[in-house]
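Use the sequences and the hints to build the structure in full.
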Amino acid sequence: MSETTDTTPTTQDHEFDVKARTQAQLVVRRFLHHRLAMISLVVLVLMALLAFAGARVWGYDHARIPQNNLESYNAPSLTKPAGRCRPIETVAVPTNTDPGVTTTVDRLAPAPTTTIAGATGDTGDWRADFIAKYPRDHDLSCAPHLFGTNQVGQDLFAQTLRGTQRSLLIAIMVAIVSTTLGVLIGAAAGFFRGWLDAVLMRMTDLILTVPYLAVAAVLGRKVSGDTWWVIPLILGGFGWMGIARIIRGEFLSLREKEFVEAARASGATSKRIIFKHMLPNAVGPIIVNATLSVAGAILAETALSFLGLGVKSPDVSLGSLVSENQTAFSTHPWLFWFPGLFIIVIVLCVNFIGDGLRDAFDPKQNRVRA
Amino acid sequence: MLRLIIRRMLVAIPMLLVCSVLVFVLVANAGDPLEALRGRPNSQQAIAQRTATLHLNKPIFERYWLWFSKMLHGDFGIDNKGLRIGPQLWRAMGTTLQIVLLSTILAVCLGIAVGVISAVRQYSFFDYSATFVSFLFYAMPVFWFAVLLKVFGAIEFNNWLENPGIGTVGFLLIGLLGAGFTSMLFGFKRTVSKRRRLIAGIAGFAGTVLVCLLVDRFLADRTYFRWIGTVNTTDPRFAHQGFWPRLGDHLGHLLLPVTTLAVISYAGYSRFTRASMLETLSADYVRTARAKGVSERAVIFKHAFRTALIPIVTVVALDFGAIFGGAIITETVFSIQGMGKLFREALQKDIDPNKAMAYLIVTAINVVVFNLIADIIYAKLDPRIRHE
Chain V
1 MSETTDTTPT
11 TQDHEFDVKA
21 RTQAQLVVRR
31 FLHHRLAMIS
41 LVVLVLMALL
51 AFAGARVWGY
61 DHARIPQNNL
71 ESYNAPSLTK
81 PAGRCRPIET
91 VAVPTNTDPG
101 VTTTVDRLAP
111 APTTTIAGAT
121 GDTGDWRADF
131 IAKYPRDHDL
141 SCAPHLFGTN
151 QVGQDLFAQT
161 LRGTQRSLLI
171 AIMVAIVSTT
181 LGVLIGAAAG
191 FFRGWLDAVL
201 MRMTDLILTV
211 PYLAVAAVLG
221 RKVSGDTWWV
231 IPLILGGFGW
241 MGIARIIRGE
251 FLSLREKEFV
261 EAARASGATS
271 KRIIFKHMLP
281 NAVGPIIVNA
291 TLSVAGAILA
301 ETALSFLGLG
311 VKSPDVSLGS
321 LVSENQTAFS
331 THPWLFWFPG
341 LFIIVIVLCV
351 NFIGDGLRDA
361 FDPKQNRVRA
Chain Z
1 MLRLIIRRML
11 VAIPMLLVCS
21 VLVFVLVANA
31 GDPLEALRGR
41 PNSQQAIAQR
51 TATLHLNKPI
61 FERYWLWFSK
71 MLHGDFGIDN
81 KGLRIGPQLW
91 RAMGTTLQIV
101 LLSTILAVCL
111 GIAVGVISAV
121 RQYSFFDYSA
131 TFVSFLFYAM
141 PVFWFAVLLK
151 VFGAIEFNNW
161 LENPGIGTVG
171 FLLIGLLGAG
181 FTSMLFGFKR
191 TVSKRRRLIA
201 GIAGFAGTVL
211 VCLLVDRFLA
221 DRTYFRWIGT
231 VNTTDPRFAH
241 QGFWPRLGDH
251 LGHLLLPVTT
261 LAVISYAGYS
271 RFTRASMLET
281 LSADYVRTAR
291 AKGVSERAVI
301 FKHAFRTALI
311 PIVTVVALDF
321 GAIFGGAIIT
331 ETVFSIQGMG
341 KLFREALQKD
351 IDPNKAMAYL
361 IVTAINVVVF
371 NLIADIIYAK
381 LDPRIRHE
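Same order as they appear, the protein sequences are chains V and Z. Each residue of the first sequence is one higher than the one before, starting from 1 at the first, in UniProt numbering. Each residue of the second sequence is one higher than the one before, starting from 1 at the first, in UniProt numbering.
I should point out that these hints are in silico values taken from the structure, not numbers from a laboratory. Keep in mind that the hints are not guaranteed to be accurate.
[What the hints assert, rightly or not] In silico lysine-lysine, DSS-like type, Cα no more than 30 angstroms apart, as pairs:
(1) Z:Lys81 to V:Lys312
(2) V:Lys312 to Z:Lys349
(3) V:Lys257 to V:Lys276
(4) V:Lys276 to V:Lys19
(5) V:Lys312 to Z:Lys380
Nothing here was measured: the structure is a model prediction, and the numbers come from that model.
Next up, the structure:
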């Protein structure tokens, strides 16, 4: 536990020198000193990088099923897949004259120097065609199956990375939708009060009455493979109530403050007061809740996938991976462990970051938990 | 108090009405109840029959009215298989209620105990580990945890029961747990020296290992049947046996689903209790009580804990209403014939509107009722509310 003070010793005349910091600087400073939150942030950023950049360079594609079915249920390993890593392939070269010509091709070497007379292909270069036809080919890739493979030989590491991408994307979209809706509704209710407040808050209560998962499940029946983006809209559209209530409470107290009165006295419009004067003062709870709703959304998407509604195969999300593989647990446990651990680590990190942000935005906190 | 209840009821009843209309429209547009029938050959008659029972040829508001007037008399209609929904619903509610009630009791007791200790000993080793465990439970997908529990809590445990015995590692682990527990118990006051805590820990270690040895001796040379169930809530083999074996079997089946639900709620309750307790512990009246010379125990339990409990009780009441509809996943993993099962049956390929409506409306009523209960408890416990 360390005490952070905004003081630095300078000269002998002044025992200390007080440095002026803006509110934002203070918040950032407090957050940077929150060790757990910072570690979580780094881990989360690394995972996102791995998911979005790593998936592009990884030797396998998440959806492609290898040609030979001997690949099913590989256990995770750090070594090359046995008996398959053959960058030098013997392939039949289609020619105009003799269909029986075969040659070896080194997939990892630069473009071939020899050309075979009469070889056909779209571009005339049969080797380029061959490689273009099988990008990141399972049957040729030398990459180890870090997380093993599933029953049809799809690489679980590639799938997990793809799932992380999807889950993160969905969760962030949910957070944006629900926060935007919640802030607008809460702000309108808290600022205008009266009948608008009554109507909006009754509406909030109404939506809270029906279970979130049930509504999502009923609506999610219509989601097909191409329309995965409907899922975050549904989850966000029914997840704004908590934020709306918090922002309403915040606005009810803010609107009585002197600076709002001053703004009103100087003739500012309601829109200007809400967006220029009050919202910046409510930014703390908004950011904290938006962060925490990312964590909630990842778990909600997982639950939806479990009910068979969500991202559809061949596309995957972390939730769909775990629910697809749950029956394999006793025989092929890695299929269940890795995506599940990814979910836990992501949600844990997001929650820790949210906690750190809450502490950072709390003006009463000048002690920082180390 | 009566006025408060009446006022809340006057808000709740119209809200339920609006809710039922919205949910009805939602379900009506969610899918085609005839979808599976259409594909089948010679299904004209079946289609005509289902159209007639569900009034599908009538406009939606007339359909709603027909459904609503029947529902008011407790008649939820018949499902797509032609069975009455009412009895199915009551049975499902009974099963779900057992699980939810047991898990709530478990979660509340554990959560409040751990939350209070965490708050009183803020930033201690106990606080850090308890917080971490809650965060971990909070981050786990429900069914992921449920499947793990099924494998390690039931299958492996049942295997172990067939030839039970505590290994050396087991002795050490349980002993360490015992040591931690006793040293925490005896060293709870800050004034207790490190040496005495250490002695308490060693004594605890020795004591638990001794108990383990006895248990181990007792367990050896006996075989047990596979007690923990993972499917349904009873085993048909016990149907004709006496009360005690049946109860034992039932508890064996309830154990895992109850644990799953309890663990998730526990995470929330312990963190909420901790926050609430920390807030009251730093309140002025607690400082006053300490300054008066009230004993620490009385300060914590009589002054701080009572006030901290108010928001917790309301959160528990709200949760209880919500979890009733939210046990869908746990029930599915453990194949329990509860509300969640009912709902999943309703969402088959051809949606079963009556069944889905029965589930949704019962859940909504539950949430509203427990909201009301939370309000009443809050008003009862917090005198400031009544003067509002």
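Exercise. CA of Lys257 (chain V) to CA of Lys276 (chain V), is that 30 angstroms or under?
Worked result: Distance ~14 angstroms between Lys257 (chain V) and Lys276 (chain V) Cα, so the pair holds.
Exercise. Can the restraint linking Lys81 (chain Z) and Lys312 (chain V) be considered satisfied, given a maximum Cα separation of 30 angstroms?
Worked result: Judged against 30 angstroms, a Cα distance of about 29 angstroms means the pair holds.
Problem set entry | Pair hint Lys312 (chain V) and Lys380 (chain Z), alpha-carbon separation not exceeding 30 angstroms | 50 angstroms, violated
For this session: Quickly compare the C-alpha distance for Lys276 (chain V) and Lys19 (chain V) to 30 angstroms and report which way the hint goes.
Result: OK: Lys276 (chain V) and Lys19 (chain V) at ~27 angstroms, within 30 angstroms.
Problem set entry | Satisfaction of hint between Lys349 (chain Z) and Lys312 (chain V), Cα-Cα up to 30 angstroms | 16 angstroms, holds
Hint 5 from the earlier list is the only one contradicted by this structure; the remaining hints agree with it.
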